[in-house]
Amino acid sequence: TNTATHGRRDARARAAWRHAAAGRPSAAARVSVSAPHLVNPVSTLAALAASQAAAQLVLDEEEMEWYEMEQCCVAPGGRTDFSSKRPRRGNLASTVPLKHWREVEGHSPWWKFYNGAREDASGDGWWGKEFHKRFRVPVKVFDQLYDVTVAEDCFADSYINDGRRGPQRISTKLKIMGVLYIIGQGSTIQMACDLCCCGYATLNIFFHKWTEWLVETQYAKHVWLPKTVEQIEHVTGVYEKLGFPGAICSIDGVHVHWNRCPCKQWAAHKGKEGYPTRVYNVAVDHSRRILHVTDHSHPGARSDKTLARSDDLIVGMHEGELYSQVEFEVFRDDGTTKTIKGLYALVDGGYPVKSPGAPGSKIAIAGSS
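At position 93 of the sequence shown the residue is numbered 93 (full-length UniProt numbering), and the sequence of numbers has no breaks.
Please keep in mind that the hints were generated in silico from the structure rather than gathered at the bench. Cβ atoms here follow ideal geometry from the backbone N, Cα and C, with glycine treated the same way. It cannot be assumed that every hint is accurate.
What follows is a set of in silico ranges between Cβ atoms, one per label pair, in the way DEER data are often shown [unchecked claim]:
1. 124 to 220: 28 to 38 angstroms
2. 312 to 194: 20 to 30 angstroms
3. 284 to 338: 49 to 59 angstroms
4. 305 to 216: 40 to 50 angstroms
5. 306 to 129: 15 to 25 angstroms
6. 157 to 312: 37 to 47 angstroms
7. 227 to 194: 40 to 50 angstroms
Straight-line Cα separation of at most 20 angstroms, SDA-like style, residue types lysine to any residue; simulated pairs [what the hints assert, rightly or not]:
8. 129 to 145
9. 112 to 127
10. 338 to 245
11. 338 to 312
12. 227 to 285
13. 241 to 328
14. 209 to 152
15. 209 to 183
16. 305 to 271
17. 270 to 256
18. 209 to 189
19. 209 to 172
20. 305 to 320
21. 241 to 327
22. 272 to 285
23. 140 to 189
24. 133 to 193
25. 209 to 182
26. 133 to 120
27. 221 to 328
28. 227 to 144
Go ahead and model the full structure; you've got the sequences and the hints to work with.
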């Protein structure tokens, strides 16, 4: 009998809580809750709702704990029961400061690396190195990338108390970590989902949407050729110290595995790697900063000679349109110096194009002297 009585009183208490939180007075608000395992916030909330129907409710710590225990199925002193069904959506007003029905952030192993790296002021500690190892960017760069991302409305975090129904979305930080992990480690989306504790569809949609946005808005800010005198001297100065005066970059083809290549396309995409690929021509300086990437990929079976003919950087340097007026000095056999106009790129033997003034070049190049 006592159990049934307590059950009816609990039901009336929950109804009064919902009416009070929504700003509507309720007859159930006059019910006195005597259940020993519940905190009694009903009468206070009902009085507030009756006098201030449109006012935002401020819940104290005990009342918030009572609600979380009832909605999240958390036993006192115990852990969250994830086997229970989710709380009903839309029962409480959006003004109530709710938490997510489960703390996804706390269950992903990536958070310990992120939080540990942020606590390290220098970023060179153990946590910072582990974070960099997994996501290929320092934590400071990650924070900057996150700030730029959430500035866009389509990527901003949303919660249950922002006027929408339902639980909190997966944190954008976790989604960005998932994308960086896939790109940096060559992982599958499913493996990244298991580590960031989100659904496959969630990360799959975010991956394509975010990378497309990243290329459109951030690519030109980070991938660019040296243009000013200071920028050119900074890059060529490193090569000059290493015995390559006049070198502006290093170029080679980068193959990306195409593991779902159609059978009819295997012959065009299977090269020396032994599996189908798509290839890009990439130019970097000696610090491994990417300076230039071809606008589109090519079938992996194409040679470097074919790639060079469609690379704007190589063609521009070959025809004297890029860096043709930049001068550098080299030594002759007798110890005297010779001034040469036109910079060149370091390539392997597969590239037949000789850059302006390249040592050992037997082809007359426009702009060189």
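Checked hints:
1. 124 to 220: 28 to 38 angstroms: Check passed, 30 angstroms falls within 28 to 38 angstroms.
2. 312 to 194: 20 to 30 angstroms: violated (41 angstroms)
3. 284 to 338: 49 to 59 angstroms: violated (28 angstroms)
4. 305 to 216: 40 to 50 angstroms: violated (32 angstroms)
5. 306 to 129: 15 to 25 angstroms: violated (41 angstroms)
6. 157 to 312: 37 to 47 angstroms: holds (39 angstroms)
7. 227 to 194: 40 to 50 angstroms: holds (44 angstroms)
8. 129 to 145: Holds. Residue 129 to residue 145 sits at ~18 angstroms (cutoff 20 angstroms).
9. 112 to 127: holds (8 angstroms)
10. 338 to 245: holds (12 angstroms)
11. 338 to 312: violated (29 angstroms)
12. 227 to 285: Measuring from Cα to Cα gives roughly 14 angstroms; hence the hint holds.
13. 241 to 328: Distance of about 13 angstroms is within 20 angstroms: holds.
14. 209 to 152: Holds - the C-alpha atoms of residue 152 and residue 209 are around 12 angstroms apart, at most 20 angstroms.
15. 209 to 183: This hinted pair holds, its Cα atoms lying about 14 angstroms apart.
16. 305 to 271: holds (14 angstroms)
17. 270 to 256: holds (11 angstroms)
18. 209 to 189: holds (14 angstroms)
19. 209 to 172: holds (13 angstroms)
20. 305 to 320: Answer holds: residue 305 to residue 320 is near 19 angstroms, not above 20 angstroms.
21. 241 to 327: The given pair, whose Cα atoms are some 16 angstroms apart, holds under the 20 angstroms limit.
22. 272 to 285: violated (26 angstroms)
23. 140 to 189: violated (25 angstroms)
24. 133 to 193: Holds. Residue 133 to residue 193 sits at ~18 angstroms (cutoff 20 angstroms).
25. 209 to 182: Distance of about 14 angstroms is within 20 angstroms: holds.
26. 133 to 120: holds (16 angstroms)
27. 221 to 328: Answer violated: residue 221 to residue 328 is near 28 angstroms, above 20 angstroms.
28. 227 to 144: At roughly 25 angstroms apart (the allowed maximum being 20 angstroms), residue 144 and residue 227 break the hint.
Comparing the model with each earlier hint shows violations of hints 2, 3, 4, 5, 11, 22, 23, 27 and 28; every other hint is respected.
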